[in-house]
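Peer 1: In case you want the letters, here they are:
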Amino acid sequence: MATAFRQPSRRQFVVAVLLAILGFGVVTQMRSYEVNDTYAGYGQQALIDVLNGLAGTTQRAETELARLEETRSRLQSDTSAEQAATEQARTEIDTLEILAGVVPVSGPGIRITITEVTGQVDIDSLLDTVQEMRTAFAEAMQMNGQVRIVASTSFEDGVGGIYVDGTLLEPPYVIDVIGDPATLNGGMVFPEGPSEQLKNDGAAVVVEELQSLDIEAVTSPKRTEFAEPGGTP
Amino acid sequence: MIAALGLLVGILLGLVFQPDVPLSLEPYLPIAVVAALDAVFGGLRAYLDGIFDDKVFVVSFLSNVFIAASIVYLGDQLGVGGQLTTGVIVVLGIRIFSNVAAIRRHLFHA
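So the protein sequences, as listed, match chains A and C.
With my numbering, letter number 174 in the first sequence gets 1278, and the count goes up by one each step, no holes.
With my numbering, letter number 54 in the second sequence gets 304, and the count goes up by one each step, no holes.
Derived by calculation from the structure, the hints in this document are not laboratory data.
Please note that the accuracy of each hint is not assured.
Derived coverage of chain A by chain C (criterion: at least 3 residues anywhere in the stretch with Cβ under 8 angstroms from a Cβ of chain C; other residues may be distant) [stated by the list, open to error]:
hint	region
1	1114 to 1126
2	1146 to 1152
Derived DEER-like restraints, expressed as beta-carbon distance ranges [as the list claims (entries may be wrong)]:
hint	chain 1	residue 1	chain 2	residue 2	range
3	A	I1152	C	L265	32 to 38 angstroms
4	A	V1154	C	S313	32 to 38 angstroms
5	C	A351	A	S1113	25 to 31 angstroms
6	C	A254	A	T1167	57 to 63 angstroms
Using N, Cα and C, we set each Cβ at its ideal position, and we do this for glycine too.
This is chain C alone, in the form it adopts within the complex (with noise of 0.2 angstroms):
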């Protein structure tokens, strides 16, 4: 419930400030927001499962944020960063799809 509430906030604060994003952050805030995405849903998955652990959260969440955002800016020094922008967005993609189809069958059985 206080997840939910933070998630709220946050939303929130975003509408009111509405900030603008540094020139140099530009190409990693949306990978950085999608496995950001992924860790959350691995973290619901986890909750459901009866596993859920915050530390491990935490570090996912940190984790996958700062390795996607370090692929795209490798990506973008060897001249291939649209490419690989795009893998790390099919994989995270894939990944939200299972954790999502895990936390269906918790929620729905089915």
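Okay, chain A solo, but in the shape it has when bound (with noise of 0.2 angstroms):
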């Protein structure tokens, strides 16, 4: 081996050069290899196939898109259904909150302010006073800024006022009604109509027509012991 380094023979350096050409070789078609596209080595029908199914695959892509947008057209138009039933529903919410007096409202309206002033006020006049503002489209009431009238509400004779809904009231009265405040005047004081009827009791009758009132006291709902919902609305 050593003289071999010191005298190359003519064969072991045509040798040498050869495999210096294979390995310059397989070098440089690595490197072309990793540099070049994946597509750069196939032949036509190779290429062609790949062709075919790249278009196929571009098919099924494109079929598969259109479902997925049939699909997302249905769940728009699916939540913007359920969208607008949601709005009917909290509108109606709103709505029974507002009959049901479970929220404060506020609105134009007017104030009765009944004073007694020679006799006691009459428990049926008050209820029909009531009862008139309902007739005449009252939205909402309360008493004394204390008691929401409701559906439910109840009224009782009590010492030295009434109950209404259990709680005690002294007069004077005061009734907030919201509506629209020339109705609610106008069932106020045709004849023999609540007004005069309270007069006829010995109080005095004062109906405010007012743009903007507040009505702050609420009821709880009451849990129905014997009604149930049935039937189909």
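Two independent chains are provided; combine them into the complex using the hints.
Peer 2: In structure tokens, the structure reads:
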């Protein structure tokens, strides 16, 4: 071996040169294969096959895309329908809450102040007043700023006043009513109406039409014992 | 020893220069490399057999490369380049395997 290094024979030299060419070629090929695109080494037929495969894939992807778009539009319309339903339900809830008297409300209306002057106000007169207000499309009522008057509100005679829903209210009675002020006022003052009736009891009645009125008193919804929702609305 | 040195020098040259393969030669270079590998293993086997001859080696190396490239070129012209390339690779691979088997028998006696 040592002699081979000192005096390289012709054959060793030739082999070395050829092997150098081989190494060069191998490295070059590896490098170009790495650099090149995946399809560079493909023949015509292989490329056509790849292209066909791609076309099929594209078609499948487009079908999938169309299907997904359809699903999306269906979901979108579902969502908007649901939103409309939610909106409607919310409006209904607002209305029902006002009617049930569980939320404070504000709006135009009238304030009826009943002051006892010469005699005690009869409970029937008060009930008639409330009833007339309901007839005149009252949307919310409260008495003395303490009791909300709703569908189930009860009136009872008490000592020195009346019990409204179990709360003793003493004169002067102040009834706040939200609704159209003119209509409500008309409901008070017609001949032999509540105003006259109350005056006959010996009370002074003052009706103010207000552009804005706050009803703060609320009632808590009671669980019904006997009535159950039934039938189809 | 000098032969191994030559191989190393060739690899280093390839790494240093990083040459671009001309587009027209691109299909032939891998085939040429495999054909050259075949010639090298054949030469190694002959060396171990004690019948190595540098002239034979040079001729077989060059002719292997040339014939392999020619076959692929012909295949490309005929429109069966891919298939012929595969065929050439298969044949050369078989030859390389048989040469390596002979070398293995020399080295390990097994």
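Peer 1: Are the hints correct? Go through all of them and say.
Peer 2: Taking the hints in turn, this is what the structure says about them:
1. 1114 to 1126: holds (count 13)
2. 1146 to 1152: With 5 residues in contact (Cβ-Cβ under 8 angstroms with chain C), the coverage given for the region 1146 to 1152 of chain A holds.
3. A:I1152 x C:L265: 32 to 38 angstroms: Once the Cβ atoms are compared, 36 angstroms apart, the range 32 to 38 angstroms for C:L265 and A:I1152 holds.
4. A:V1154 x C:S313: 32 to 38 angstroms: holds, 35 angstroms
5. C:A351 x A:S1113: 25 to 31 angstroms: holds, 29 angstroms
6. C:A254 x A:T1167: 57 to 63 angstroms: Cβ of C:A254 to Cβ of A:T1167: about 60 angstroms, so the range 57 to 63 angstroms holds.
The earlier numbered hints are all upheld by this structure, with none contradicted.
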